[in-house]
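Okay, here's what each chain looks like letter by letter:
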Amino acid sequence: MVASTAENAFLEPIRGLCAEVFGVEVSLVNPETQFGELPQWDSMGHMDLMVALENRFGIEINAETITELISIPAILAHLQKKKNA
Amino acid sequence: MPKNSLEIIPKIAIPTHLVSQMQSRLAYIDEHVSGASISADGTRIELRVRNSAGKKALVGLEEKVQLVVEEMAKGALQPKVEVLEDYLDRTVPFVSDPLPELMTRGEVSQEYSGVFSFGPLITRLIEVFESYFLELAANFEAELYRFPTLISAEKLGRVNYFRAFPHSLTFATHLREDLDVINDFSEHAAHEPNGLNTAPTSFSRIQTLLSPAVCYHLYFALADKSLTAGKLVATAAGHCFRYESSNLNSLERLWDFTMREIIFVGPADFVLENRKRAQKLLADWLGRLGMAYKVESANDPFFVGEFRKQAAFQNAFQLKYEIRALLPFKDDTLAIGSYNYHQDFFGRHLNVTLPNGKPAHTGCVAFGLERLAYAFLCQFGVDSAAWPELISDAME
Numbered sequence: 008m009v010a011s012t013a014e015n016a017f018l019e020p021i022r023g024l025c026a027e028v029f030g031v032e033v034s035l036v037n038p039e040t041q042f043g044e045l046p047q048w049d050s051m052g053h054m055d056l057m058v059a060l061e062n063r064f065g066i067e068i069n070a071e072t073i074t075e076l077i078s079i080p081a082i083l084a085h086l087q088k089k090k091n092a
Numbered sequence: 049m050p051k052n053s054l055e056i057i058p059k060i061a062i063p064t065h066l067v068s069q070m071q072s073r074l075a076y077i078d079e080h081v082s083g084a085s086i087s088a089d090g091t092r093i094e095l096r097v098r099n100s101a102g103k104k105a106l107v108g109l110e111e112k113v114q115l116v117v118e119e120m121a122k123g124a125l126q127p128k129v130e131v132l133e134d135y136l137d138r139t140v141p142f143v144s145d146p147l148p149e150l151m152t153r154g155e156v157s158q159e160y161s162g163v164f165s166f167g168p169l170i171t172r173l174i175e176v177f178e179s180y181f182l183e184l185a186a187n188f189e190a191e192l193y194r195f196p197t198l199i200s201a202e203k204l205g206r207v208n209y210f211r212a213f214p215h216s217l218t219f220a221t222h223l224r225e226d227l228d229v230i231n232d233f234s235e236h237a238a239h240e241p242n243g244l245n246t247a248p249t250s251f252s253r254i255q256t257l258l259s260p261a262v263c264y265h266l267y268f269a270l271a272d273k274s275l276t277a278g279k280l281v282a283t284a285a286g287h288c289f290r291y292e293s294s295n296l297n298s299l300e301r302l303w304d305f306t307m308r309e310i311i312f313v314g315p316a317d318f319v320l321e322n323r324k325r326a327q328k329l330l331a332d333w334l335g336r337l338g339m340a341y342k343v344e345s346a347n348d349p350f351f352v353g354e355f356r357k358q359a360a361f362q363n364a365f366q367l368k369y370e371i372r373a374l375l376p377f378k379d380d381t382l383a384i385g386s387y388n389y390h391q392d393f394f395g396r397h398l399n400v401t402l403p404n405g406k407p408a409h410t411g412c413v414a415f416g417l418e419r420l421a422y423a424f425l426c427q428f429g430v431d432s433a434a435w436p437e438l439i440s441d442a443m444e
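Top to bottom, those sequences are chains A and B.
Residues 8 to 92 in the numbering used here are what the first sequence spells out, letter by letter.
Residues 49 to 444 in the numbering used here are what the second sequence spells out, letter by letter.
Chain A with its partners taken away, still in its complex shape:
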């Protein structure tokens, strides 16, 4: 069973990571934030986030993850799936 975004144990760590990578307050990163919503989450910011996810959570960066992990819900679902695997 996949936890809802709000209940996901990864939510706060991911919000914190996004804030760190994008250099913004955590409060600006909400559970539904997606690529392009924050000026800092552009193509460069996105790739910085991918590298940070790789380093912190061991996510493999490839063409699929780059194009799929473009929102907080998508990142959380990916981490949850990886944890359950």
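I should point out that these hints are in silico values taken from the structure, not numbers from a laboratory.
Mixed in with the good hints, there may be bad ones.
Chain A is nowhere near these chain B residues, computed Cβ spacing over 10 Å in every case [as the list claims (entries may be wrong)]:
1) P148
2) S250
3) K368
4) Q391
So the derived label-pair ranges between C-beta atoms look like this [what the hints assert, rightly or not]:
5) A:E75 x B:G278: 43 to 51 Å
6) A:N69 x B:K59: 18 to 26 Å
7) A:P80 x B:R211: 24 to 32 Å
8) B:A61 x A:N69: 16 to 24 Å
9) A:K90 x B:K104: 25 to 33 Å
10) A:E75 x B:K122: 17 to 25 Å
11) A:N69 x B:K378: 29 to 37 Å
12) B:K378 x A:E71: 32 to 40 Å
13) B:W333 x A:E71: 50 to 58 Å
14) A:N91 x B:E191: 27 to 35 Å
15) A:N91 x B:D332: 47 to 55 Å
16) B:L227 x A:Q41: 51 to 59 Å
Where a beta carbon is used, it is the ideal one built from N, C-alpha and C, also for glycine.
Mind docking chain B on chain A? Use the hints.
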């Protein structure tokens, strides 16, 4: 190993797909470097150094090379190469390099490295190509635009151009408004082997550059505006400038070249559908010409620090495809045009909005006109009687 070469074993083996791109970036690491070659297996680099370089100049070169290798190759993703069209096996009638003949005839004259003038034959050929591109643009009801050769430094900074492509910028400047400086220049300025003998302090701060692309001007013109019609198609041609250091090579890489673009601005599906439609129309035209070419995914020439991430992003989202024409005399290909999609990058960075308030998406189809002419002449020769009728008839 030649006397003026330096052999370097990279700390990280260079992946095959990066060999050519890294080779071209190594030209920029030091003014004493005149070129670089990387072995096909990526385990050895030969750096060619100018005769004028003393031993002192060589200190630190290896460190710079290793830095470039690490930045570009460490953790580099294997790109997903998507080939949309492949007509490289089309038989073309010419197999030599036409450049020597063109220079003998006075059709091509080199003014400086990467700076060429063209005579009546090539000028007319480019005009014929241009008339086709205008017809193509009319299919999209494109509005005609004219853009300046200079481009605003402030606006280029706003779209992160300096971060992505610092190496290829060409700056525009002028003498400072200062009577002493202007008089001194007037009396003493002379060209010496390494350039004008004028002190850098005589020149103004940089406010403008020479344009590296055509479509940026349209995005700048639309900045901080809402696209009331919800979409826009424009076409323009202009001179573009990309400094290529020692990579400036024959007619394949010019510092100053002309680009024709058809530019799409609107919602994502509008831009993507039109990019695809343009690709179909161009495939038909290139087929009627009988040109040997392929269309495959590509990335822009980002500089070292930005390369790995930006190229991976472009590749993952399949944002750029290049039209690569066959150069039969060297069994290689040359990018003569590209199909580009920028997502909402310019819309967000320049605040170009759609009627629903969302940032506009942008894309363009671009052709390097001199490169197209050169690739055409490489495949069909300099004798217009042997050219495809579609072109020879139009030349009359």
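We went through each hint and held it up to the structure:
1. With a cut of 10 Å on Cβ distances, B:P148 stays outside the contact zone with chain A, its closest approach being about 43 Å.
2. Listed as a non-interface residue, B:S250 keeps its Cβ farther than 10 Å from every Cβ of chain A; the least gap is roughly 36 Å.
3. The Cβ of B:K368 sits about 12 Å from the closest Cβ of chain A, beyond the 10 Å cut-off, so the non-interface label holds.
4. Not every Cβ of chain A is farther than 10 Å from the Cβ of B:Q391; the closest lies at roughly 8 Å, contradicting the non-interface assignment.
5. Distance hint for A:E75 and B:G278: a CB-CB separation of about 29 Å, inconsistent with the stated range 43 to 51 Å.
6. Checking the proposed 18 to 26 Å range against A:N69 and B:K59 shows it holds: the Cβ atoms sit about 24 Å from each other.
7. Checked against the hint of 24 to 32 Å, the pair A:P80 and B:R211 passes, with Cβ atoms roughly 30 Å apart.
8. For the hinted restraint 16 to 24 Å between B:A61 and A:N69, the CB-CB distance of approximately 20 Å keeps it satisfied.
9. Separation of A:K90 from B:K104 is about 56 Å and departs from the stated range, judged on CB atoms against 25 to 33 Å.
10. A beta carbon spacing of about 24 Å between A:E75 and B:K122 agrees with the range 17 to 25 Å that was offered as a hint.
11. Judged by the Cβ atoms, the range 29 to 37 Å given for A:N69 and B:K378 holds: they are separated by roughly 34 Å.
12. For B:K378 and A:E71, the hinted distance range of 32 to 40 Å is satisfied, since their beta carbons lie about 36 Å from each other.
13. Range check, B:W333 to A:E71: about 35 Å between beta-carbon atoms, so the 50 to 58 Å window is missed.
14. For A:N91 and B:E191, the Cβ-Cβ distance of about 53 Å falls outside the hinted range of 27 to 35 Å, so the restraint is violated.
15. Against the hinted window of 47 to 55 Å, the Cβ-Cβ separation of A:N91 and B:D332 comes to about 50 Å, which satisfies the hint.
16. For B:L227 and A:Q41, the Cβ-Cβ distance of about 58 Å falls inside the hinted range of 51 to 59 Å, so the restraint holds.
Against the hints set out earlier in the document, violations occur for numbers 4, 5, 9, 13 and 14.
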